[in-house]
Structure formats: structure tokens, C-alpha cells
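**Q** From first to last, the protein sequence lines stand for chains E and Y.
In the working numbering, each residue's number is its place in the first sequence (first place is 1) plus 140.
In the working numbering, each residue's number is its place in the second sequence (first place is 1) plus 192.
Hints are computed from structural coordinates only; laboratory data are not their basis.
Any given hint might turn out to be false.
Subject to a maximum C-alpha distance of 30 Å in a straight line, what follows is the list of computed DSBU-like cross-link-like pairs (lysine-lysine) [as the list claims (entries may be wrong)]: (1) 266/Y x 342/Y; (2) 266/Y x 335/Y; (3) 342/Y x 198/Y; (4) 342/Y x 142/E; (5) 342/Y x 272/Y; (6) 335/Y x 142/E; (7) 348/Y x 142/E; (8) 142/E x 269/Y; (9) 142/E x 262/Y; (10) 342/Y x 262/Y; (11) 348/Y x 262/Y; (12) 198/Y x 335/Y; (13) 272/Y x 142/E; (14) 266/Y x 142/E; (15) 335/Y x 269/Y; (16) 266/Y x 348/Y; (17) 348/Y x 198/Y; (18) 142/E x 198/Y; (19) 335/Y x 348/Y; (20) 266/Y x 198/Y.
Far from chain Y, some chain E residues (derived; all Cβ distances over 10 Å) [stated by the list, open to error]: (21) 168; (22) 187; (23) 189; (24) 192.
Backbone N, C-alpha and C define an ideal beta-carbon position, used for all residues, glycine too.
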Amino acid sequence: MKARAVAGLDPEAPLRDNASRIVAMRLDCDVLLPRAEGVETLVTLLRSRRELLFRRFHDLWRLETSKGTWTALERVL
Amino acid sequence: MARARKVELDGEETFGRSAARVVAVRAAEVFEHAGNVLDVDDPERVHDMRVATRRLRAAMEVFAPCFPRKRFRKALKDVKALADALGARRDCDVEIEFLSRFATEAAPGDREAVVAMVAGLREEQTRANEALAPAVAEERLVKLRSHLAKLVERAKG
Numbered sequence: 141m142k143a144r145a146v147a148g149l150d151p152e153a154p155l156r157d158n159a160s161r162i163v164a165m166r167l168d169c170d171v172l173l174p175r176a177e178g179v180e181t182l183v184t185l186l187r188s189r190r191e192l193l194f195r196r197f198h199d200l201w202r203l204e205t206s207k208g209t210w211t212a213l214e215r216v217l
Numbered sequence: 193m194a195r196a197r198k199v200e201l202d203g204e205e206t207f208g209r210s211a212a213r214v215v216a217v218r219a220a221e222v223f224e225h226a227g228n229v230l231d232v233d234d235p236e237r238v239h240d241m242r243v244a245t246r247r248l249r250a251a252m253e254v255f256a257p258c259f260p261r262k263r264f265r266k267a268l269k270d271v272k273a274l275a276d277a278l279g280a281r282r283d284c285d286v287e288i289e290f291l292s293r294f295a296t297e298a299a300p301g302d303r304e305a306v307v308a309m310v311a312g313l314r315e316e317q318t319r320a321n322e323a324l325a326p327a328v329a330e331e332r333l334v335k336l337r338s339h340l341a342k343l344v345e346r347a348k349g
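Using the sequences provided together with the hints, build the complete structure.
**A** Next comes the structure, spelled out in C-alpha cells:
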């Protein structure tokens with residue numbers, strides 16, 4: 141998803157005014173707000189998900205082994 | 193992963209001068225991480241440069257109105273191309289790391305197949321590295337550094 145452009149930014153105006161304009165646009169957007177609220181836990185969530193996916197892949201591999209998938213593949217190859 | 197350097201900013205300073213300050217630091221970080229980036233035995237180099245490139249891109253996009261449009265678009269396009277080339281190499285590095293770790297846990301009978309997959313990925317990694325080489329060549333980086341320096345100067349007003 142592309143970030144919405146922030147209108148009215150002025151290179152000659154103070155950073156403070158421009159920054160408040162940018163932050164207001166990013167936080168008032170109802171699509172982004174739930175994401176902003178979740179930022180603190182994002183790292184933990186992603187780490188857990190990575191572990192979960194690794195575990196699932198591992199389990200899937202074992203399951204396919206027990207079903208003889210790899211042996212069958214070797215036969216056809 | 194290398195930490196981003198802190199940029200001291202003043203809320204009363206103009207947006208343009210702040211842009212110059214931030215983009216100068218983020219650009220410098222990209223070039224600081226360019227050394228040994230093609231070394232596949234040290235995946236952290238490409239990772240650090242990719243992260244630095246993403247930070248630079250984000251900073252440029254935030255401060256876009258502070259730069260001359262045409263010059264900005266060209267520089268951003270070059271930064272994106274660099275990020276893409278670094279990303280393609282990094283994807284291979286991550287997959288190789290994942291499967292190599294998996295191989296150590298796999299049953300002996302499976303290990304051979306996983307090792308074969310890693311070998312295939314190493315070939316892909318070599319191709320990605322070959323594609324990355326021109327993007328991080330000294331000449332190309334000097335040119336990009338010069339374009340970014342000009343942008344920074346213009347933003348100062």
C-alpha cells in the first residue's frame with residue numbers, strides 16, 4: 141500500500157510545523173492506526189511467527205517423510 | 193544489524209535544512225556499509241547496506257518536497273535500484289541460512305535433499321551477486337554519492 145501524499149509541506153517553514161502535518165496524516169488514517177497501535181509488539185509477533193513457520197515446515201517435512209513422499213519423488217526423478 | 197546514527201534536529205529549523213541534515217547522514221551510512229558487500233561468506237555486510245539503503249529511501253520520501261523534483265526522482269530511482277539488487281542477494285542469504293539450520297535438525301536421510309536445495313540456492317545467490325556487482329561498483333557509488341550531495345546542497349536553500 142502506497143503512503144498518502146502529505147499536502148502543504150513547506151521547505152521554508154519550521155520542521156515542527158511540517159512534522160506535525162506529516163504525523164497527523166499518518167495517524168489520522170484509519171487504515172494505519174491499528175498498525176501504529178501494534179508497533180510495540182510487532183517485533184515479538186514477527187519473531188514468534190518466524191519460529192512457528194519454521195516448526196510447521198519441520199513438521200510438514202516429517203509428515204511427508206512418513207507418507208513416503210520423498211521416496212516416491214526419488215523414484216519418478 | 194547496524195544501528196542508525198542519531199541526527200540532532202531542531203524543531204525551529206526549516207524543513208529544508210532538516211532534510212539536508214537527515215539525508216546527508218543516511219546517505220553516508222549507505223556508503224559506509226559498501227565495503228565487502230559482495231562477500232557471500234559475510235551476509236551481514238549486504239544486510240547492513242540494504243537496511244541503510246531502506247533508511248535513506250524512507251528519509252528521502254519524507255523530505256521529498258525539499259528537493260528539486262527532477263533531480264530527486266532520478267536519485268530516488270537509483271536508490272531503489274540499489275535496494276532491489278541488495279534485496280535479491282539478501283533473500284538468497286536468508287533462505288540459505290534457514291535451510292542450513294533446518295538441515296542440522298533433519299533426519300539423516302533428508303539431509304541430503306536439503307543440502308541439495310542449499311546448493312541450488314547458492315547458485316541463485318551467485319547470480320544475485322553478479323547482478324549486484326555493477327550496482328555497488330565504485331564508479332556507480334561515486335556517482336550516486338555526488339547526486340545525493342547535490343540534493344542535500346539544494347535542500348539547504
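**Q** Hints first: check each against the structure and report whether it holds.
**A** Against the structure, the hints come out as follows:
| no. | hint | in the structure |
| --- | --- | --- |
| 1 | 266/Y x 342/Y | 12 Å, holds |
| 2 | 266/Y x 335/Y | 12 Å, holds |
| 3 | 342/Y x 198/Y | 22 Å, holds |
| 4 | 342/Y x 142/E | 27 Å, holds |
| 5 | 342/Y x 272/Y | 18 Å, holds |
| 6 | 335/Y x 142/E | 28 Å, holds |
| 7 | 348/Y x 142/E | 28 Å, holds |
| 8 | 142/E x 269/Y | 16 Å, holds |
| 9 | 142/E x 262/Y | 20 Å, holds |
| 10 | 342/Y x 262/Y | 12 Å, holds |
| 11 | 348/Y x 262/Y | 17 Å, holds |
| 12 | 198/Y x 335/Y | 26 Å, holds |
| 13 | 272/Y x 142/E | 15 Å, holds |
| 14 | 266/Y x 142/E | 19 Å, holds |
| 15 | 335/Y x 269/Y | 13 Å, holds |
| 16 | 266/Y x 348/Y | 19 Å, holds |
| 17 | 348/Y x 198/Y | 19 Å, holds |
| 18 | 142/E x 198/Y | 27 Å, holds |
| 19 | 335/Y x 348/Y | 20 Å, holds |
| 20 | 266/Y x 198/Y | 27 Å, holds |
| 21 | 168 | 17 Å, holds |
| 22 | 187 | 14 Å, holds |
| 23 | 189 | 14 Å, holds |
| 24 | 192 | 14 Å, holds |
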